[in-house]
Amino acid sequence: MDPTDHAFSLQKIVSRPIKPGQVMKFGVFAGIHGDEAAGCLAAHELAKWAAERPLEVHDFELHFFPICNPTGISLRTRHSHSGLDLNRQFWCDCIEPEIIFLETELRSERYDGIISLHSDDTSDGCYGFVSGDLLSEHLLEPALQAASEFLPRNELTVIDGFHAERGIIKEGYLGILRAPPDQRPHALEIVFETPALADMHLQVKATVAAVKRILAEYRELQAYAANL
Numbered sequence: 198m199d200p201t202d203h204a205f206s207l208q209k210i211v212s213r214p215i216k217p218g219q220v221m222k223f224g225v226f227a228g229i230h231g232d233e234a235a236g237c238l239a240a241h242e243l244a245k246w247a248a249e250r251p252l253e254v255h256d257f258e259l260h261f262f263p264i265c266n267p268t269g270i271s272l273r274t275r276h277s278h279s280g281l282d283l284n285r286q287f288w289c290d291c292i293e294p295e296i297i298f299l300e301t302e303l304r305s306e307r308y309d310g311i312i313s314l315h316s317d318d319t320s321d322g323c324y325g326f327v328s329g330d331l332l333s334e335h336l337l338e339p340a341l342q343a344a345s346e347f348l349p350r351n352e353l354t355v356i357d358g359f360h361a362e363r364g365i366i367k368e369g370y371l372g373i374l375r376a377p378p379d380q381r382p383h384a385l386e387i388v389f390e391t392p393a394l395a396d397m398h399l400q401v402k403a404t405v406a407a408v409k410r411i412l413a414e415y416r417e418l419q420a421y422a423a424n425l
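Going by the working numbering, the first residue of the sequence shown is number 198, and it counts up by one from there.
The set of hints was computed from the structure by calculation and includes no laboratory data. Think of the CB as a built atom: it goes at the ideal place given N, C-alpha and C, for glycine as much as any other residue. Be careful, since some hints might not be right.
[To be verified] Have a look at the derived ranges for each label pair, beta carbon to beta carbon: (1) A413 to F205: 33 to 41 Å; (2) T354 to R213: 40 to 48 Å; (3) R285 to P349: 26 to 34 Å; (4) G280 to T319: 16 to 24 Å; (5) L418 to G218: 12 to 20 Å; (6) S271 to K245: 17 to 25 Å; (7) K216 to R307: 16 to 24 Å; (8) L418 to R363: 14 to 22 Å; (9) D282 to M397: 19 to 27 Å; (10) L418 to D290: 30 to 38 Å; (11) S271 to H383: 29 to 37 Å; (12) E346 to T319: 18 to 26 Å; (13) A413 to R273: 27 to 35 Å.
Please model the complete structure; the sequences and the hints are all you need to start from.
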């Protein structure tokens, strides 16, 4: 699709809960960098899992955006066809059609949780960024544990220029895909990264395992909080 088209949109796959009512709503975003295919494949795999095993996500509404940068995917480049890193353009009045579409979705859906899928060609292991809700850090740790069945964790104390503790980074770049700055309560926000030079099949498996664990842990924490 031509990103200059006024009717521009991105693929969005929705998995709805079995029963209506109060549910947990998560957005899973991939392919904001066009040269990171593992997240795109994992997002499709997760959407297929949710469709085929609805009981396992019966209390979630899941929105999958497998390709957030279609021109970058076509060109196999990090940037979009306009030469921009789209993951530095959020909430700064950017007029790129991909950003306008995604910001509109983020504002209208008000996700409880946002999971962004990436891969890093400078890393030898999995790691992630956390922000937003304080629970984010507590969910990334078990996610990294789940992913370690397929790929190792990055244990370096500095990753991507940021201080890290066992693969968890509490800082981040400006302009990344995240919830609207004024959203309250804050959304849980996790960026999950696989080592891009690892086997693609293992990257996908590690990512799928991590996202499934995040959802399971979030469900448990919400159930615990409801009983306090």
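Hint by hint, here is what the structure shows:
The hinted window of 33 to 41 Å between A413 and F205 holds, with their beta carbons roughly 35 Å apart. For the hinted restraint 40 to 48 Å between T354 and R213, the CB-CB distance of approximately 42 Å keeps it satisfied. Checking the proposed 26 to 34 Å range against R285 and P349 shows it holds: the Cβ atoms sit about 28 Å from each other. At roughly 21 Å, the beta-carbon separation of G280 and T319 lies within the given 16 to 24 Å, and the hint holds.
Range check, L418 to G218: Cβ separation about 19 Å, and the 12 to 20 Å hint holds. Taken as a hint, the range 17 to 25 Å holds for the pair S271 and K245, whose Cβ atoms sit roughly 23 Å apart. At about 21 Å, the CB distance of K216 to R307 agrees with the hint of 16 to 24 Å. In this structure the hint that L418 and R363 lie 14 to 22 Å apart at CB holds, the actual value being about 20 Å.
Between D282 and M397, the C-beta spacing of about 22 Å keeps the proposed range 19 to 27 Å intact. Judged by the Cβ atoms, the range 30 to 38 Å given for L418 and D290 holds: they are separated by roughly 35 Å. In this structure the supplied range 29 to 37 Å holds for S271 paired with H383, their Cβ-Cβ distance being about 34 Å. Between E346 and T319 the CB atoms are about 23 Å apart, so this pair conforms to the stated range of 18 to 26 Å.
For A413 and R273, the hinted distance range of 27 to 35 Å is satisfied, since their beta carbons lie about 34 Å from each other.
Comparing the model with each numbered hint stated earlier shows that all of them hold.
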